[in-house]
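Student: Sequence:
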Amino acid sequence: MTGKRIKAAPTKNTLLNLKRQLNFLEEGHSLLERKRELLTRLVYQRIGEYRKIRDQAHEATKLAYHWLSMLQLRMGSRAVNQAALGVEPVLDLKILPRRNLGVEYPSVSGELLPLNPVGLLGTDPSFDETRLHFAEASLQLVKMGEVSMSLNRLIAEQRKAQKRVNALRYNIIPQYRNTIRFIENALEEEERNALFQVKVLRDQERI
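Numbered according to UniProt numbering, the sequence shown spans residues 1 to 207.
Keep in mind that the hints are not guaranteed to be accurate.
[As the list claims (entries may be wrong)] In silico lysine to aspartate or glutamate, EDC-like type, Cα no more than 20 Å apart, as pairs:
1) K4 - E129
2) K163 - E59
3) K12 - E190
4) K160 - E26
5) K35 - D128
6) K62 - E157
7) K62 - E104
8) K143 - E49
9) K35 - E104
10) K199 - E189
11) K94 - E104
12) K143 - E111
13) K143 - E59
14) K160 - E37
15) K143 - D92
16) K12 - E191
Since the hints were made in silico from the structure, they are not lab data.
Make the full structure from the sequences, and use the hints.
Tutor: See below:
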């Protein structure tokens, strides 16, 4: 069964051009295949990172709310809310663009700032400890968000690369090969016919 071909005139120039284009496509296929493999490896790496940081964020959040529950029992919710007004931040976040294998996503870096004790009258000592635990939990949650976003974008790029690899491997490159084979056969047939005609003419001249 003859495969699909590209519409092209069966000439030597066409054959040379198609061979050059095929060589370019095969090189592109190899590069895309390499990129797809690297993206796949990076996706699995990010999945491992996400699972690890998800567990860390879960534990940090659970601990922070545990401290908040104890603080509310000691001070009362209203007093906690009043004490929280105007407190200085204890977490510094920086968001910068990051690029990996052509995929761009935000990179978040954060650090805990020195904790300035509130020291208000009627404030339980655990108030500052609770602030610190929530800052640590927030940092873990932000990191989890970064890994999650990068993972989603890497997966999307990996799928695009896979589609392009498949299109080249199963559709475009086979069409070029079929067309080249067809033109080569056509040119060989044309050459045989020309040689046959020359032979006939020579035979006629001898008669």
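Student: Take the hints in turn and mark each one as holding or not.
Tutor: Hint check results:
no.: 1; hint: K4 - E129; result: violated (71 Å)
no.: 2; hint: K163 - E59; result: violated (39 Å)
no.: 3; hint: K12 - E190; result: holds (11 Å)
no.: 4; hint: K160 - E26; result: holds (18 Å)
no.: 5; hint: K35 - D128; result: violated (48 Å)
no.: 6; hint: K62 - E157; result: violated (34 Å)
no.: 7; hint: K62 - E104; result: violated (32 Å)
no.: 8; hint: K143 - E49; result: holds (10 Å)
no.: 9; hint: K35 - E104; result: holds (15 Å)
no.: 10; hint: K199 - E189; result: holds (15 Å)
no.: 11; hint: K94 - E104; result: holds (16 Å)
no.: 12; hint: K143 - E111; result: holds (11 Å)
no.: 13; hint: K143 - E59; result: holds (14 Å)
no.: 14; hint: K160 - E37; result: holds (12 Å)
no.: 15; hint: K143 - D92; result: holds (13 Å)
no.: 16; hint: K12 - E191; result: holds (12 Å)
When each numbered hint is compared with the structure, violations occur for hints 1, 2, 5, 6, 7.
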